[in-house]
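Let chain A serve as the given structure and place chain B on it in line with the hints.
Protein chains: 2
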Amino acid sequence: MGFQKVWATGSRNCIICCFLCLTLFSRIETTGLVDAVTERQAEESHRQDSTKVLVFTLLLTLTILTIWLFKHRRFRFLHETGLAMIYGLLVGVILRFGVHVQPDVSNSTLTCVGKSRPSSLLLNVSGHLYEYELRGEVDSRSSDNLPSVDMLRKATFDPEVFFNILLPPIIFHAGYSLKRRHFFRNLGAILTYAFVGTVISSFVIGLVMYGCVALMNAIGQLDGDFFFTDCLFFGAIISATDPVTVLAIFSELKVDVDLYALMFGESVLNDAVAIVLSSSVVAYQPSGESSQALDGRAMLTSLGVFLAVLSGSFVLGSAAGVLTALVTKFTRLRDFPLLETALFFLMSWSTFLLAEACSITGVVAVLFCGITQAHYTYNNLSAESKSRTKELFELLNFLAENFIFSYMGLTLFSFQKHVFNPVFITGAFLAIFLGRAANIYPLSFLLNLGRTNAISLNFQHVMMFAGLRGAMTFALSIRDTATYARQMMFSSTLLIVFFTVWVFGGGTTPMLSFLKIRVGVEEEQESSVPGSEETVGTVGRRDTAWLFRLWYTFDHKYVKPLLTHSGPPLITTLPACCAPVAHCLTSSQTYEQQDSDSELILNHSPSMLYSDLSVSADAVFDPSSSVQDQPLLQGPTHSVLSTEESPIVPGPVPLPPHSSPLSEPLRLRL
Amino acid sequence: MGFQKVWATGSRNCIICCFLCLTLFSRIETTGLVDAVTERQAEESHRQDSTKVLVFTLLLTLTILTIWLFKHRRFRFLHETGLAMIYGLLVGVILRFGVHVQPDVSNSTLTCVGKSRPSSLLLNVSGHLYEYELRGEVDSRSSDNLPSVDMLRKATFDPEVFFNILLPPIIFHAGYSLKRRHFFRNLGAILTYAFVGTVISSFVIGLVMYGCVALMNAIGQLDGDFFFTDCLFFGAIISATDPVTVLAIFSELKVDVDLYALMFGESVLNDAVAIVLSSSVVAYQPSGESSQALDGRAMLTSLGVFLAVLSGSFVLGSAAGVLTALVTKFTRLRDFPLLETALFFLMSWSTFLLAEACSITGVVAVLFCGITQAHYTYNNLSAESKSRTKELFELLNFLAENFIFSYMGLTLFSFQKHVFNPVFITGAFLAIFLGRAANIYPLSFLLNLGRTNAISLNFQHVMMFAGLRGAMTFALSIRDTATYARQMMFSSTLLIVFFTVWVFGGGTTPMLSFLKIRVGVEEEQESSVPGSEETVGTVGRRDTAWLFRLWYTFDHKYVKPLLTHSGPPLITTLPACCAPVAHCLTSSQTYEQQDSDSELILNHSPSMLYSDLSVSADAVFDPSSSVQDQPLLQGPTHSVLSTEESPIVPGPVPLPPHSSPLSEPLRLRL
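Sequence order for the protein chains is A and B. Okay, so the first sequence: first residue is 1 according to our numbering, each after it adds one. Okay, so the second sequence: first residue is 1 according to our numbering, each after it adds one.
If we strip away everything but chain A, and leave its shape as in the complex, we get (with noise of 0.2 Å):
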């Protein structure tokens, strides 16, 4: 096994160690140094580092001066992830060919011959006894050439530290930041492409890319082993879209809110079916030497793990999430927000240790424990620590993201072991386009048999288009590029994340012009905050089933008011016998809104309902006309919204849907 495949495992202590960490790149090292000569070659060593991370430091800020240049100068083609890349990509050439290192000859080595490979050594100098520290193997052949390899390694950083520090604050700001509304409205189409979709992908692309190592192996292109849980990994990573790049731009545009939310769910929630598919894979795999065989017990075991970690994950996530709320509702402590802030940033944190700890996968634990946190912890917060909690974890997000873009780009020349095989390429690209589309065309067919509001077919070869691979992809490829297959995976991988950023993440605008979707759509609640969700009941009515309108109806009467602030108070959902419970539960902050609220929720359910209004308009228009009808959307929603707790509109609303006085043509959708 090679070298990068020790160094992920064993590595990983220290990278939990850190949190928001920008400066990963250069190589964590113990090496302890005793003398003055070594002391002085310690703090030399440390001075190098601090300056190699100030240039890395100096590359984000550049970058971000570009990226204000272009939204200043409204240029879209290019999307900031895109220019931390090729950013990334210049500093790469850099240090591959224009920084030479001397050789350090003080620094020379000492060889020992042993029987075994223990994980500490000691080294004996008359009498002193020196502790060493097992870094990994070193390559025979490179050994003689150790500084500039070293040089390399330290621009490589750890993988692991996308897993523990770079990713739970992107995932975290996605879950915190989903706009529930138009989520849970489109609830079962995103779940259905994200957790049927992304499994039918990945098989997609397995045997493609099976068929594809199998022409290898027959024109003798294939270098070393390839087996078929290889090509299953392969699917498994790759079918991970990334929400980053098309969602900015779709954001941006104002762009139809319901394809928003399908791309967004979908991105979301198969970044977590990836990291549990793929470890399912690996997990599937080691049961000896033979593995590349397929057997139905190990299948079995596959999808044990699979379903295990994910529920543990949701399990876990909610449960954090739920007691940051009832903590935060039954402290005071919103008057002091800089404690509230700090207590909900522990406690997602926690999240994360408690799931790592458990040995079940903490990213996607801090998905759902955000998804939570937004849906009732949020609504306990003070309005201080609202904004507090957003703006932090949008900073963490936007640093992580770009940081983890511009070490893509470094990567490509900066990876010691990258095995770039034409037809491999041409395979994963054919593959990752089947895959999608094996995902999207069929399940949206089926799932139009279901929806009222049909997914039109522009929609579907906008979410076809802009599946791009991302962040997530790349941290699952890097995290083992241990053996052969392994290290052609990340190659491509590499190329596949620059090739669809660059050219599928430049080309939405064109895309979305060119296929007539809607832009230029106000949302009809402007609040990308979490806090204003609730017409999951509407939804109810007609996209999901019974179950979905059952969870809604024991949600709002009873968990929402058991955790938070807001909805009816418990007094009068609970039956009688559990008064008291009920007195004790119920905050005297709920009976304050009470007055405030009723009018609002109590006679929603016979009114007509202001999603309905909004998904009956929800047509294909000119751009130039979405200004008018925004007068009519938004009036009535802005109005109510401006209560903590209402997205439902009071009363009949005004005008019923068709009678609006738009002079644009509206076609409704199938």
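Hints in this document: simulated from the structure, not taken from any laboratory. Watch out, some of these pointers could steer you wrong.
Derived coverage of chain B by chain A (criterion: at least 3 residues anywhere in the stretch with Cβ under 8 Å from a Cβ of chain A; other residues may be distant) [as the list claims (entries may be wrong)]:
{"id": "1", "segment": "50 to 58"}
{"id": "2", "segment": "188 to 195"}
{"id": "3", "segment": "331 to 341"}
{"id": "4", "segment": "345 to 357"}
If you want the ones that stay clear, here's a sample from chain A, every Cβ over 10 Å from chain B, calculated [claimed, not checked]:
{"id": "5", "residue": "A214"}
{"id": "6", "residue": "L412"}
{"id": "7", "residue": "P510"}
Note that the coordinates shown come from a computational prediction; the quantities given were computed from them, not determined experimentally. Beta carbons: idealized from backbone N, C-alpha and C, even for Gly.
Then chain B, alone, in the frame of chain A:
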């Protein structure tokens, strides 16, 4: 040399990698484990680490909840930092006495014999080369007890973490939130206390400790070397007072603003002095084994290092602040608060990295960077970025601070090499008392000779009493615990910090009321955010010299207009020949603001100034009366401060200073 020292110098590189790092006490390990078995071990170890970090996160959460409870119940005798220490102590006790680790047999070590001690070592196992890294010297006595040592070592994390991760945000926040109005008003006194006073205090403490060590030597209590330079080093590290605890109480009680400014300014700047002074002592020390003797040339070297590092950090920090100001001024980045905040964060962090890369003190550079950012850059930020940056650094500061204090508590039990010597500890307590007295009283006497508003004796008593030792002292003392002398210093420092934080910190409120210090003073300008300076010019007339007034005029006329959107346009201040340049450098916003600003700025020189008014009213009040004088004090200011850049009151102030309609006794200070 001991293990701790090795560790401190060697693993610097890894620290710079992380930024906000609450979890660093899980020892960084790069142990590479290769086999499936060892991989499982690595996963196990990762899980254990996550659990430990989780425990620590929950500890902080608990601290936050208790802090809230204390604030809620207005319980002021134990500050949050004291509380964090108590929780840390508890965890330390549990770790020390409650947790038993069974020895991990599988992780057996191989012992090699060698002649030298290289930084890396290659192990040849049947043709495969494995690289090992030096981790440090192992105490041969404890090597039979490795697992439990390892467990405690995991809980004691790398001291450099304080300097590279935890202190920078704290110090930056201190600079960024400095109330420059009062700071500049008392600049002369603050600089005297912080620079002259800290040096005096260091020497007094050093001398007293030298006597104490001589006594210990005489009565046979000294078990190792303790040189005079060690005594000086102790003086340097223990002289830095901590702003956290006392100032939190001061600001809660709204204590007299001048007293607040004196204490805050002194404790912020003497951190810088202590860092530089202690590193100067170290730089002066290792000139051989007989380094205990004082010689003139070495003293001069130390002084040179001291001045060079201090001025270097000052120049670098200010330059970075100025650069950020220019960038934020000449781009319209303020349209995108997220980008702006990210840029601000990255550039401030770059200052730290740049200083480290130049081998000067990053922490000190960051302090001056913070002050410059607040003075210039802050004015260019959008309203949203202003609150974002403020809140972000407030949060980082809060988390870092509480982490340091809990960690201090933890260290008392988890640190391996405590040397508690009753004589030394008694001597140290005496020394810090004498050192503080030698700083405050003589310097106050000298200062009062030149000050119009003298520093009253009661103020001096408070400053004497409130000289707590905190994070900086701890960080400096844990940085190097290799020798016997340093270990004894560290143990004594811990006790001093505990004692001062709990006793002096808790006693602040009674002390204030005993000394009849005015509390409940509404600040003339409540905004603890930066961006409300400018009364500097008015200060020039009283305390500070013509040199300072010159600088103020220069700053107001040229620097501010150049770097920010505020102040008079450069066109009006620069000579006519520079008109084209001035035109280039003046932003359109400056012209826009000109209308609203001009009336406030242009006629300030002949008028009655607001700061005069407030200073002359600066007397001892009954707290209950302070409400009455608010309308008088706040009236004109608030109307003025609503514009971004105008703390100077327009025109003649309605009331002359002494005709205030206050019925309370208004005793002017000496």
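Tested hints:
1. 50 to 58: Since three or more residues must qualify, the claim that chain A covers the segment 50 to 58 of chain B holds, with 6 doing so at under 8 Å.
2. 188 to 195: violated (count 0)
3. 331 to 341: Since 8 is at least three, the answer is holds.
4. 345 to 357: holds (count 9)
5. A214: holds, 28 Å
6. L412: holds, 22 Å
7. P510: holds, 24 Å
The structure is inconsistent with hint 2 alone, although it conforms to all the rest.
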